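> Here is how the chains run, residue by residue.
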Amino acid sequence: MTAGDMRNLRTTRIHFGADYNPEHWPEEVWTEDIRLMKEAGVTMVTAGIFSWGLVESRPGEYDFGWFDRVMDHLAEAGIRVCLATMTASPPPWLSERHPESLPVGADGVTKWPGSRQHYCPSSPVYRTHAVRLVERLATRYAEHPALDTWHIGNEYGCSNPVCYCEVSAEDFRRWLRERYGTVEALNTAWSTTFWSQRYDTFAQVLPPRTTPTHPNPAQVLDYARFSDDALLQCYLAEKEVLRRITPELPITTNHMPHHKPVDPFAWAPHEDVQSLDFYQEPFDAGTHIDAAAAFDVTRSAGHGRPWMLMEQAPSAVNWRARNGPKPFGKMRLWSWQAVAQGADAVLYFQWRQSRGGAEKFHSAMVPHGGTDTRIFREVSELGRELAAVPQIAGSRPAPGVALVVDWNSWWALEQGSHPTSALSHKETLLRHYAPLFEAGVPCDVVPPDRDLSGYKLVVVPNLYLMSEATADRLTAYVRGGGHLFVSYFTGISDDCDRVHLGGYPAPLREVLGLRVEEFWPLDEGQRVSLRGEITASGDSWSEAIDLEGAATVAEFGDGELAGRPALTRHTYGDGVAWYAGTRLEPTAMRALMDRVRGDAGAAPVIEGLPAGVQATVREGAAGRFLFLLNHGETTAEIALPHPCHDLLGSTPEQLTSLTLPARGVAVLQH
Amino acid sequence: MTAGDMRNLRTTRIHFGADYNPEHWPEEVWTEDIRLMKEAGVTMVTAGIFSWGLVESRPGEYDFGWFDRVMDHLAEAGIRVCLATMTASPPPWLSERHPESLPVGADGVTKWPGSRQHYCPSSPVYRTHAVRLVERLATRYAEHPALDTWHIGNEYGCSNPVCYCEVSAEDFRRWLRERYGTVEALNTAWSTTFWSQRYDTFAQVLPPRTTPTHPNPAQVLDYARFSDDALLQCYLAEKEVLRRITPELPITTNHMPHHKPVDPFAWAPHEDVQSLDFYQEPFDAGTHIDAAAAFDVTRSAGHGRPWMLMEQAPSAVNWRARNGPKPFGKMRLWSWQAVAQGADAVLYFQWRQSRGGAEKFHSAMVPHGGTDTRIFREVSELGRELAAVPQIAGSRPAPGVALVVDWNSWWALEQGSHPTSALSHKETLLRHYAPLFEAGVPCDVVPPDRDLSGYKLVVVPNLYLMSEATADRLTAYVRGGGHLFVSYFTGISDDCDRVHLGGYPAPLREVLGLRVEEFWPLDEGQRVSLRGEITASGDSWSEAIDLEGAATVAEFGDGELAGRPALTRHTYGDGVAWYAGTRLEPTAMRALMDRVRGDAGAAPVIEGLPAGVQATVREGAAGRFLFLLNHGETTAEIALPHPCHDLLGSTPEQLTSLTLPARGVAVLQH
Amino acid sequence: MTAGDMRNLRTTRIHFGADYNPEHWPEEVWTEDIRLMKEAGVTMVTAGIFSWGLVESRPGEYDFGWFDRVMDHLAEAGIRVCLATMTASPPPWLSERHPESLPVGADGVTKWPGSRQHYCPSSPVYRTHAVRLVERLATRYAEHPALDTWHIGNEYGCSNPVCYCEVSAEDFRRWLRERYGTVEALNTAWSTTFWSQRYDTFAQVLPPRTTPTHPNPAQVLDYARFSDDALLQCYLAEKEVLRRITPELPITTNHMPHHKPVDPFAWAPHEDVQSLDFYQEPFDAGTHIDAAAAFDVTRSAGHGRPWMLMEQAPSAVNWRARNGPKPFGKMRLWSWQAVAQGADAVLYFQWRQSRGGAEKFHSAMVPHGGTDTRIFREVSELGRELAAVPQIAGSRPAPGVALVVDWNSWWALEQGSHPTSALSHKETLLRHYAPLFEAGVPCDVVPPDRDLSGYKLVVVPNLYLMSEATADRLTAYVRGGGHLFVSYFTGISDDCDRVHLGGYPAPLREVLGLRVEEFWPLDEGQRVSLRGEITASGDSWSEAIDLEGAATVAEFGDGELAGRPALTRHTYGDGVAWYAGTRLEPTAMRALMDRVRGDAGAAPVIEGLPAGVQATVREGAAGRFLFLLNHGETTAEIALPHPCHDLLGSTPEQLTSLTLPARGVAVLQH
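These protein sequence lines are chains A, B and C, in that order.
Just remember that the working numbering sits 3 ahead of the position in the first sequence, which is counted from 1.
Just remember that the working numbering sits 3 ahead of the position in the second sequence, which is counted from 1.
Just remember that the working numbering sits 3 ahead of the position in the third sequence, which is counted from 1.
Just so you know, these hints were derived from the structure itself, not from any lab.
Computed from a predicted model, the values in this text were never measured in an experiment.
List of simulated lysine to aspartate or glutamate pairs, EDC-like, C-alpha gap at most 16 Å: (1) 263(C) with 158(C); (2) 333(C) with 563(A); (3) 333(B) with 563(C); (4) 333(A) with 293(A); (5) 429(B) with 417(B); (6) 333(B) with 388(B); (7) 263(B) with 293(B); (8) 333(C) with 636(C); (9) 333(A) with 563(B).
Sequences are here, hints too, so could you generate the full structure?
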């Protein structure tokens with residue numbers, strides 16, 4: 004057990020709670036808050052996220068008195084505090100005194116105060132003031148009995164992910180100097196002989212602001228890396244203070260799911276616990292699959308350790324165009340889904356619904372209408388359920404399949420000037436993830452440098468940017484007996500977004516046993532048929548494949564490429580490498596992935612799972628827990644592989660099968 | 004009769020005319036203009052709107068000589084002048100010398116000269132120069148025999164409704180200091196504990212410029228109020244000069260219909276006559292209903308007194324994407340519609356079609372093709388018709404139904420961060436107005452502080468922002484025997500856009516006899532059925548209603564809320580309060596409103612009006628006038644309630660029924 | 004033969020080659036490049052386009068050494084160089100030292116370095132540095148044996164067509180002073196009495212930056228003229244140096260097709276050879292018609308002399324949303340199409356596919372995958388074919404039909420504030436061009452001041468802006484026996500975008516024998532039927548026509564204008580003038596144009612051409628060449644008018660008919 008592990012989420016139950024913003028309300032309401040929290044089963048709150056403006060209402064003048072009382076109330080009630088560092092949004096006085104600390108868009112438009120996160124991530128002014136506050140805060144509450152975990156900032160990069168101001172430009176130059184050493188190395192990395200872009204000094208380099216036409220892709224890629232790193236440096240500056248003052252306490256920050264500007268794998272080494280905010284879209288019938296993938300990314304970033312669902316909505320949010328409430332039972336279902344995928348904490352935004360401000364129509368545990376509401380009833384019921392299964396805490400899933408993703412590749416893939424703009428990192432990930440999810444095959448979602456040897460199947464969906472080292476590791480994985488599935492437009496470009504020469508995808512040609520002679524993107528609405536072992540149709544993408552050892556599983560059935568391979572399988576070393584040269588429709592993708600994982604011996608949790616039912620397993624010291632969640636709208640009958648005890652049910656007998664109503668949840672132990 | 008009434012439009016006929024811009028043409032054309040005006044029946048023109056650049060071509064150097072000749076020509080011809088103050092658009096020299104007088108967008112983009120209205124409404128530079136010009140102008144023409152009415156500015160806020168420059172920021176701070184007194188009061192009003200937005204001094208406050216994410220709603224709302232007020236201050240600065248120099252003359256300014264940035268009810272106390280510009284959209288089959296509502300707003304703002312249709316197009320406009328001409332007969336029909344709804348003047352933009360400039364393809368009374376054109380023939384014929392019915396002038400409609408609207412609520416309603424973005428103030432108003440219009444039930448459209456006691460029915464469509472005082476007045480109105488119809492998402496928020504706590508809609512719960520437990524917005528394209536006394540379907544919005552005394556008129560028939568109330572009726576005191584919890588399709592809305600107004604005893608002008616026919620009444624010293632306008636495309640047969648004399652017809656007999664051709668107009672007296 | 008003709012493309016064969024960017028690659032690759040160029044049949048490359056950053060990596064420090072070696076290699080191999088002046092894109096140091104040289108949008112947003120062409124066209128800084136470089140370059144290579152032709156800049160105005168910065172504003176004022184002399188003349192030309200826009204001094208005039216509402220159309224029009232001229236001045240500044248140092252060498256620059264900001268007819272007098280870049284869109288079934296029109300514009304700009312296809316793609320491009328490759332055989336087909344329409348050179352962008360940068364996914368003669376690719380095979384095969392027909396070089400088409408277009412009219416037509424936004428210059432041109440193309444009738448596409456006397460038919464599609472002089476010339480053309488076809492909304496406005504008064508279209512009323520009383524634009528999706536000699540339907544536009552001598556060919560069959568003329572024919576003098584008052588669908592347009600050209604005696608190259616087959620003729624000293632290109636997807640049988648020899652075929656006999664496979668090409672001599 005490492006020192007990092009020691010600072011894991013230290014809990015013997017599934018925590019339950021919310022963001023708590025008592026400063027929105029007069030102090031008399033706080034007493035009622037504590038009473039209702041107990042009623043609802045709250046065990047943890049995260050407080051102080053946006054309190055900077057109140058605790059330091061003038062520069063250097065601190066008033067923690069009111070917050071002391073909040074902390075004391077919570078401590079008395081035995082509610083743990085995941086204490087925010089209060090730096091998520093600076094008070095108006097900061098930008099009034101330092102307008103150069105405001106973020107600026109690529110078009111030169113300043114983002115002014117009036118909402119939140121109005122700071123340039125590279126701003127020394129912001130960082131200095133934030134660290135100064137954190138020093139005071141940590142010192143004051145280091146020994147407070149309510150303090151459980153540190154929550155640095157909040158949703159880093161949600162609203163200010165990239166800044167193009169002069170402060171950022173200067174920081175970018177520093178970052179480039181550190182990365183490349185010489186301007187010649189930069190010129191090589193950025194292919195600046197193209198379009199007369201050669202730099203003579205670092206001082207000439209700029210952020211990729213608005214340009215007359217297509218920008219330099221390597222510059223844009225590096226700016227994405229730099230911008231993520233600038234946010235991480237804000238986090239690390241605060242973390243340094245906290246670790247110094249409270250070395251024993253775990254530190255986290257809440258990420259947003261599938262959030263392109265912030266790479267969770269780059270941040271993970273600096274976090275003691277992974278945290279995620281996830282807001283299901285009730286109008287999207289596949290929102291639970293979207294969530295499932297995000298949960299798996301979060302858990303995988305933490306190498307499988309229990310994580311926190313830091314924010315979800317009790318019902319509707321306020322920031323989509325149309326904000327449907329969570330239908331009856333779905334909040335419970337989706338909360339248990341997080342637990343089923345490894346979460347040890349389920350928190351909401353927020354405790355009490357705001358009366359004013361931009362989030363007043365975001366649902367909360369205590370709605371505007373008070374506690375005589377279905378929302379308060381549903382959350383309280385969930386609080387009771389979670390309290391009944393403390394033995395789950397600390398147990399972990401152990402998937403046999405890994406999907407490989409890379410934020411660097413995402414940043415490169417979705418730039419312009421590509422064969423097609425139809426390829427979306429997230430859409431492609433979900434298209435590969437969904438057939439495994441639906442089959443009941445748990446997955447990890449890991450970065451390219453993760454040890455793959457324990458997985459029966461590794462899926463690589465459209466990993467456009469890939470270093471030779473990664474390609475070598477994938478090749479070695481197959482040679483050693485692994486099963487690999489690779490989709491089109493993978494392994495094309497190196498870390499500087501320069502094409503690997505020698506025939507696409509050059510570093511994977513050997514393991515895949517083929518060469519792609521020419522990309523053949525399809526028009527919008529155009530489909531191409533496939534015939535062979537799999538009958539299907541593809542869209543968006545096709546390509547001219549020459550076999551070099553692989554066998555054709557299906558070939559194109561029409562169009563310019565009729566008769567040429569579309570899906571291939573290559574026996575290589577002791578393993579197998581599959582390749583898909585087009586984008587299959589979901590049904591065919593399910594059939595193909597069923598076959599691929601069958602070959603690989605990657606079995607589902609339960610064979611023959613009814614449509615719509617999710618099945619996961621967590622194992623730990625207290626046993627092995629089977630979670631069954633019915634995301635469908637009809638009752639499902641499920642035969643259990645072993646007799647199990649129903650932890651949420653009322654019957655003491657062992658079950659061999661289960662009737663799971665629509666939106667139903669079962670937690671079983673065997 | 005008040006002093007204000009004395010300055011009402013002083014006319015013994017329906018005025019007819021146009022914007023007159025003689026400076027576009029050489030003086031020899033002016034003589035022809037006067038001759039043709041007489042031929043066309045013109046009795047009034049509004050002149051000088053954009054003449055600033057010619058009368059003051061250099062700062063402080065005035066040349067009114069050419070304009071004297073224009074005024075003299077008009078006086079000689081007996082044509083009255085509604086004299087514009089020439090300040091609608093400053094000459095290029097103003098912004099050349101004072102670039103800080105240019106308006107700036109929320110994104111910092113300056114709006115440069117080259118079109119019109121390129122001034123910041125808060126600019127002291129603009130106001131000073133405008134007032135200086137008006138002083139000269141008023142002094143020069145105070146005693147001119149052609150001068151009839153003052154026309155200040157033009158279409159205030161059409162192109163520069165909101166400015167975000169530093170001059171505006173400073174003026175906003177002044178306005179806030181006056182409104183709130185202390186920064187603490189501001190913090191409370193704006194709920195600034197949210198997202199760490201607390202202000203320490205007024206100097207920190209900014210306009211709601213581009214922000215990283217959702218802005219503070221109360222700040223945005225106050226900026227809409229401030230911006231409207233900044234424009235009003237421009238108007239008032241000029242008005243002060245005119246009233247001082249010509250205390251007897253009426254003063255007006257022309258508003259645009261359904262123009263969100265400018266609240267006609269806030270301006271009305273400062274206007275002697277209401278004026279409106281309305282441009283029907285010939286491609287929109289419902290454009291006359293749109294117009295009808297705007298006419299009723301205008302008349303209601305003036306408490307029913309005769310108003311001016313200051314601008315309409317003789318045929319096509321030039322500023323839509325596709326500008327269809329007015330089909331044969333529609334210009335006449337729509338002109339009479341204004342009169343039918345209380346106008347005592349019908350003017351066009353413009354007299355003679357421009358040869359150059361941005362409006363050269365806007366139709367005019369004298370087209371590019373000259374007088375041998377259907378346009379000149381049609382307008383001349385209308386001129387003759389209007390001249391034939393002087394007795395109508397001064398008479399007024401007296402509707403028995405009022406719709407309540409509030410620009411403050413509009414400004415709050417259409418902000419982001421709401422349960423849905425599907426709610427539009429104007430669309431909702433028209434959806435409630437149309438079934439009354441189509442049934443032949445004349446309406447007023449009034450602000451929330453208007454005395455409602457004279458109305459048989461008061462309709463409150465989606466009045467999101469509502470003070471407790473307004474709610475109390477509505478409650479008292481019902482208690483006293485009134486009939487009230489309220490639609491969803493009404494009475495939610497106070498004047499600072501803070502939610503009224505205690506269950507939606509808290510201040511109306513008693514009168515409506517219900518509580519809304521949770522909003523349930525629908526997805527795009529989603530519909531929910533209703534069953535009960537009304538069978539219908541709803542879209543965009545639904546909500547979970549708990550009855551507290553009201554009776555269910557219809558319940559939801561499917562979806563998550565199946566079986567819960569959708570439409571309710573509550574007998575309260577001596578009156579009745581209806582409530583609609585979803586957005587009904589137009590047919591069901593018509594059926595519902597027919598029932599509601601039947602209950603209330605709000606009868607139509609004529610029972611059983613054929614589809615497409617509008618019926619209105621004006622009453623005055625000269626009698627009672629019935630207007631029938633056939634907006635449909637087929638002939639309509641109408642049984643008259645009383646024998647009538649046909650004022651536009653050739654027959655002297657009294658009519659008991661009328662055959663009204665498509666696009667036909669009848670003005671009847673009985 | 005003029006001095007200009009002496010500098011025509013001096014070739015005795017069809018040149019074949021590509022953009023060559025050796026600086027992207029290490030020198031060892033250059034040797035392979037030369038070897039492969041010989042293999043592929045390359046005879047000409049254009050080099051140095053983006054080399055500024057390498058030859059002058061610091062201001063004033065030149066390193067031509069590496070480029071000397073490139074030139075020497077090419078000379079040794081006998082490959083001709085169309086030498087670029089290297090000024091297409093300045094190195095980063097230029098804007099670092101002179102930020103005022105960067106282009107700025109109408110909204111004030113700077114276009115920063117990082118892509119290409121980041122210079123303000125009016126910038127004296129850019130021009131001075133460019134000319135200094137060109138002086139060095141021309142001096143160094145004036146006598147180099149590889150040097151064949153000068154290629155100034157590259158795709159002028161592709162990415163920086165219009166700049167709104169202060170430098171541009173000052174240059175605009177200079178340009179206006181030169182054009183108008185006095186500010187009063189400017190005021191008259193710009194109709195500044197409208198909206199109070201009168202200027203008192205030139206110093207008050209600005210570019211048409213973002214305005215509160217519709218800008219002054221004449222200002223916008225003049226800014227388009229000025230902006231085109233600013234780019235031309237950049238070209239001319241370099242040309243002056245080249246002509247001085249190498250007076251014998253032809254000079255060209257490559258235009259983009261249908262490129263609104265740059266008027267090819269205004270540039271043509273300053274070019275010795277016309278050059279065009281054309282990138283077919285493989286997903287567009289009509290892309291070859293689009294190309295055909297652009298080729299005809301290019302050839303017509305050069306008064307028929309041979310021109311260069313300077314850039315095309317070997318297969319896919321990278322800059323559309325979805326970039327389909329060229330299907331098998333289409334690259335050959337489309338290359339021959341350029342030759343068939345008069346090109347004497349067929350070049351690609353580019354020789355070797357880039358590894359990095361924004362165009363790395365643009366296809367090249369040598370793809371990433373190397374020479375064992377269908378692309379390299381197809382281009383090499385084409386190189387061999389072109390080498391086999393040197394006798395074609397220098398021959399010219401001689402069409403009997405001219406379409407008249409005018410960039411000035413384009414600039415005016417597509418501004419806002421018009422009767423409809425549905426009229427597009429390019430769409431309308433192609434709608435008139437396609438039925439002639441499909442019938443096998445070759446066309447010139449000429450500016451309004453071109454001598455029309457040699458044409459049997461002149462087509463004027465929607466030439467909105469037309470001087471009286473042009474109208475007089477069209478009238479004289481018909482009077483003298485010409486056949487003229489004019490479409491709606493033509494001849495409306497003068498050179499200052501002021502309407503010609505006296506009934507639309509005033510200057511053409513006499514020749515057309517009609518008056519348009521009122522424009523009657525149609526709604527989106529609205530169609531109007533036509534009945535008479537042509538049965539058809541129209542959309543987008545209709546108008547109320549009064550006959551004044553013309554005869555009705557078809558009248559409107561429904562709608563408000565039912566029974567009024569829609570298509571007319573007027574016998575005038577010895578000729579005939581047709582007029583179309585609506586926009587016909589393509590089938591009806593084909594029928595109408597067949598009748599119009601039949602009347603005019605404008606015969607096709609081959610009567611009864613199968614659908615999809617293009618037929619053109621080039622004639623010269625070496626004979627008469629018939630080109631047949633099958634753009635369709637089925638085999639076509641074509642009866643030849645005369646026995647012909649098949650220059651690309653293997654049979655020595657004369658053919659009287661030809662079987663042309665799908666995508667097939669035949670070059671015949673008779």
